[in-house]
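Chemist: One-letter residues, chain by chain:
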Amino acid sequence: MATTTANMDLKPLSLQRRLMDSLMTGAAALAVVLVLLPLGAIFAYLVYKGIGSLNWAFLTQTPKPVGEAGGGMANAIAGSVLILGIASLIGVPMGIGAGIYLAEYGRNRLGNLIRFTADVLNGVPSIIVGIVAYGLVVLRQGHFSALAGGAALALMMIPTITRTTEEMLLLVPLGVREAAYGLGVSRWRTTLSITLRTATSGVITGIMLAFARIAGETAPLLFTAFGNQYWNWNMNQPTAALPLQIFTYAISPFDEWHRQAWAGALILIILIVVSVSAVRLAASRGMLKGAN
Amino acid sequence: MGVGIQVEQLNAWFGKTQALKNINIKMAANHATAVIGPSGCGKSTFVRCLNRMHETIPEARAEGKVEIGDLNIYNGTPAVQVRRRIGMVFQKPNPFPTMSIYDNVAAGLKLNGFHDRKRLDEIVEKSLLAAALWDEVKDTAKKKSGASLSGGQQQRLCIARALAVEPQVLLMDEPCSALDPISTGKIEELIFQLKERFTIVIVTHNMQQASRVAEFTGFFLLGSLIEFDKTEKIFTNPSDKRTEDYITGRFG
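Going down the list, the protein sequences come from chains A and B.
98 is the number of the first residue of the first sequence in our numbering; add one for each residue after it.
3 is the number of the first residue of the second sequence in our numbering; add one for each residue after it.
Excised from the complex, chain A in its bound form:
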């Protein structure tokens, strides 16, 4: 074995092999650029279009009536935070819980049914999720509300979080679980304190993917959160949200509103990047128990 390796090392690589090597490395690098390019382009264009309308008033004031200059989207930013908060409060625990069930107890027909349902739910158009939340929450409450918007977004989060949590838990080696069982740790305790903890960083990635996806959703909010021109912190009232506000402003005939829509889009993407990075940073610093 040792001699063969040594002999092969002595022979210089043929030109063809070296060329192929560079070609493949180049192709991989090109693929990376192609993946990063759209993101860079979108961000650059948003900055270019939106930065002009971005000022302190935009971040602190509510919209002004048509024709009056100035005003901002502060209430929409706050509304988005409120709605996303509600969605995460409902969606994250349910998604993780379902994921745990599938990974630890789901090797049966019920598990397969849940898996199938989650995958189908993942593919349901977001406008339909909005209609479901309208039927379940808005009609029952009798009015639009942040709660209804949050419920619609939670419904979109759950399948993603469920499936990623399941996959991340299944990646934890059996030996780690057995080590805990061998110490006389009960099964539920092993699942929560050992398996889930070992899989934390992967589970967080799943949550962040789901969060980033719903943060920009407009359709499910159209007839759930509905929008609002004023401040609102009551989750039982119609509430503004950034994507809704951007939508309303973008289809309006006013130049001033168009400019504000660009600024809103820039703020939205910044909010997503900042919250995802913050959670990742917290996780890597070990502030959330168990990340490596």
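The set of hints was computed from the structure by calculation and includes no laboratory data.
Everything numeric in this text was worked out from a predicted model, so none of it was measured.
We treat Cβ as the ideally placed atom computed from N, Cα and C, and that holds for glycine.
Heads up, a few of these hints could be off.
Said to hold, decoys possible - Not everything, but these chain B residues come out facing chain A in the computed CB check (under 8 Å): (1) N53; (2) M55; (3) Q83; (4) R85; (5) R86; (6) M90; (7) F92; (8) G110; (9) L113; (10) P183; (11) Q195; (12) G251; (13) R252.
Let chain A serve as the given structure and place chain B on it in line with the hints.
Modeler: Chain B alone, transformed into the frame defined by chain A:
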């Protein structure tokens, strides 16, 4: 202190396949018993039946009487209580990857609701000392991850972790098969010291290892216990032809 182990009429299955057939064996307290035999003969299944780990595998079940000291473990005792009395060390070192060295050793106690910090410090130190790992990790135990240690150190960490819950019996399922000869030597030395405090059952593929560390040896073949005797007798003058064939390398 270690306690004796008495096994009567033990049978185990994986689904419909019978993995252990009618095992009867009596293992002495504070001694090491080696379990040898070719791959697939049921050695691992046998030790996993001794702390009811066997039943954690889907569709696996075991029947019979296993007494650890005065505790009949297949008699309605909850499995978690059984496992607290019987430590286990696995073939592949399996420290909890997200925990520090300290937390790995303390895990068994902490996860079972023991949180007295001062006592934990003492127990962790004592366990790491007993596993001959203390000198190598005493300055970094709370900072470094258990997974950052070398393979041999990880295995000793796993031994320390098992010792921390103060079991009466220590089951070792091929504890050295993933380790180099130096680490293996350290673990074998350790087994000698641990015998004073625990009863040890060690599964091994390495017959020299069995003869070095164990006073008694049992030879398994196709799910049956073929022969069980003093190690010396098994390796020099076995009474069964099949044992002789195996230890002289004629099959298996």
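Chemist: Now tell me if each hint is right for this structure.
Modeler: How the hints compare with the structure:
no., hint, in the structure
1, N53, "holds (7 Å)"
2, M55, "holds (6 Å)"
3, Q83, "holds (7 Å)"
4, R85, "holds (4 Å)"
5, R86, "holds (3 Å)"
6, M90, "holds (4 Å)"
7, F92, "holds (6 Å)"
8, G110, "holds (4 Å)"
9, L113, "holds (5 Å)"
10, P183, "violated (20 Å)"
11, Q195, "violated (21 Å)"
12, G251, "violated (24 Å)"
13, R252, "violated (28 Å)"
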